[in-house]
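Asker: Line by line, the protein sequences are chains A and B. Residues in the first sequence are numbered consecutively from 1, following this note's numbering. Residues in the second sequence are numbered consecutively from 1, following this note's numbering.
Source of the hints: derived by calculation from the structure; they are not laboratory data. Here the structure is a predicted model, which is why all the values come from computation and not from measurement. Incorrect hints may appear among the rest.
To be verified - What the simulated footprint calls covered on chain A by chain B, stretch by stretch (three residues with Cβ under 8 angstroms from a Cβ of chain B suffice, anywhere in the stretch; the number is not a length): (1) 33–43; (2) 69–75.
Claimed, not checked - Some residues of chain A that are not near chain B, with every Cβ distance over 12 angstroms (derived): (3) E26; (4) R89; (5) D111; (6) T141; (7) R155; (8) E170.
We treat Cβ as the ideally placed atom computed from N, Cα and C, and that holds for glycine.
Listed below, chain by chain, are the residues.
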Amino acid sequence: MRFVAILLLTLFQGLAAAAAAVGDGESLVKASIVYNIARFVSWPETSGQDNAANLIICIQKDNQLAAAFSNLAAAQGANGGFQLRLIERFGVQNLECQVAFLSEEDLDHVDLSAMARDAILTVSDTAGFINDGGTIEIQRTGIKLGFSINRLIERLSSVSLSSQILQLAEKVI
Amino acid sequence: MHLCKDIYLTAALLALLLPAKAISQTNPSELAALSLEELLGINVYGENSLLEGNRWFLQYAYRSLEVGGYQHGTNRLGLDDVSFSPGSPRTASNYPVVPTEITQKIHAFSTGYRFSESFSVSVSVPMIEQNTDHLSIVPGFSEFKISTDGIGDIALNGSYILPSSGSQIYSVNVGVSLPTGSIDEVGDTPRNGPGTFERLPYTMQLGSGTYDLLLSTNFSNSGQVIDYGASLNSTIRQGTNDNDYRLGNNFGLRGWARYRWNQRFQPGIAVSFRHTDDIQGMDLGLTVPGPFPFPASITDPDNFGGRKAKVGLNARICVQESCNLFFLVEINKPFYQDLNGIQIKEKTEIALSAKFSF
Chain A
1 MRFVAILLLT LFQGLAAAAA AVGDGESLVK ASIVYNIARF VSWPETSGQD NAANLIICIQ
61 KDNQLAAAFS NLAAAQGANG GFQLRLIERF GVQNLECQVA FLSEEDLDHV DLSAMARDAI
121 LTVSDTAGFI NDGGTIEIQR TGIKLGFSIN RLIERLSSVS LSSQILQLAE KVI
Chain B
1 MHLCKDIYLT AALLALLLPA KAISQTNPSE LAALSLEELL GINVYGENSL LEGNRWFLQY
61 AYRSLEVGGY QHGTNRLGLD DVSFSPGSPR TASNYPVVPT EITQKIHAFS TGYRFSESFS
121 VSVSVPMIEQ NTDHLSIVPG FSEFKISTDG IGDIALNGSY ILPSSGSQIY SVNVGVSLPT
181 GSIDEVGDTP RNGPGTFERL PYTMQLGSGT YDLLLSTNFS NSGQVIDYGA SLNSTIRQGT
241 NDNDYRLGNN FGLRGWARYR WNQRFQPGIA VSFRHTDDIQ GMDLGLTVPG PFPFPASITD
301 PDNFGGRKAK VGLNARICVQ ESCNLFFLVE INKPFYQDLN GIQIKEKTEI ALSAKFSF
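With the rest of the complex left out, here is chain A (with noise of 0.2 angstroms):
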């Protein structure tokens, strides 16, 4: 018994490591719906232009969805896809960037309000961000992964959601 204990323990630490390696799907999700809100978005210096051709998405380099995020800029780099600017610290560095993802521990020390002046379309996962002065909150739903909107951040950003992702959204303020 003793010996199968071992072995035991050896495989699940073993599987335990091999879980860290394999990458996060549902991260993955996420990236790829923000990548997909953004391709229908407006904003004023790009109206009338492909969206996703001039697309920057910006996160901080030590957001857990940094490297899905790459993943998915890598995937994408062949077809145009989007530009993404891993930056050290929201809030420091002076951001030219149309999408920033911030995690919850970025809330702490960015500005939603002067974010949505400077035509920044603010997306998180973290719960309560449109109700904080966020514009897009992405959260799951069951076992799924649905988004909600806060329209007046919106308009005060003066980017332009479509109709299709307003109806797409499960809930919008």
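Place chain B on chain A using the hints.
Answerer: Chain B in isolation, oriented as in the chain A frame:
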């Protein structure tokens, strides 16, 4: 003939399920090519999630079952009620050999492959250890223990998730249990005196000896914080085994709810009911000559089956948020048992399992 018919039926059902739509979200570029509607329709959470890498699974499950104390129907009996004592009348409801406690431990190793979000197959190999403590009036056997261990019946399963929308999942499972577990386990019993090895009772055998059809249907719903579901399952035995008996068919209903405390820890509760038929036919190797052919309650095929209801507490612990590797801890206690004939009642069941998807 029954066996061939059942295998053909199972194969035909599996063949019907195979062309299920294969969605292959296997890499970032494939995901990026999906529309927003398609992305919002992906199952990202739970055991049926099919994201990158989640096609195979490996599972180890341990189950320990403790059985002790007698019941007839719903009435509790003491050991004195079921023990035959010299000088008192021998009847069909007292026995010269009395099992007092049975423990069963199962280590099950499973692997499976998910062809699509809808269809998966799996195989499960159980390793079984069983011990029974006895009291008897037979000289040299006043107290004795019998043990068996080895491979049990290997199960092959196909699972199909029905098309649905929203957070509800309906699935059907069709499987077959192969008679790989021994039904010829022997031990030193009082039947022919010390030093002789006789075939052991039904409870100590490792398999059913028959090809069994495994059928189940499941429903689950995932909310923001509470997941819940129910399942109907059955084991339908086919034909009669080489020792001239067939274990009872059984039918179960289980309801469960799980609180999603966070992505990594989800405690839950489950309530289950199971009806099991008694054994059909008889292993004559377990009987003794005379008016009372059954030396112990567990050698009488009528003393099997019944109705049991259990309540269980469990917890699912995910190693990481994506839950590629999770552990399940469960404890079940029966709160109602209506047993056929004179039987030892179930006390506690403990289950631990680990599942890794990759």
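Asker: Look at each hint and say if it fits the structure.
Answerer: Evaluated hints:
| no. | hint | result |
| --- | --- | --- |
| 1 | 33–43 | holds (count 5) |
| 2 | 69–75 | holds (count 4) |
| 3 | E26 | 4 angstroms, violated |
| 4 | R89 | 24 angstroms, holds |
| 5 | D111 | 29 angstroms, holds |
| 6 | T141 | 7 angstroms, violated |
| 7 | R155 | 22 angstroms, holds |
| 8 | E170 | 9 angstroms, violated |
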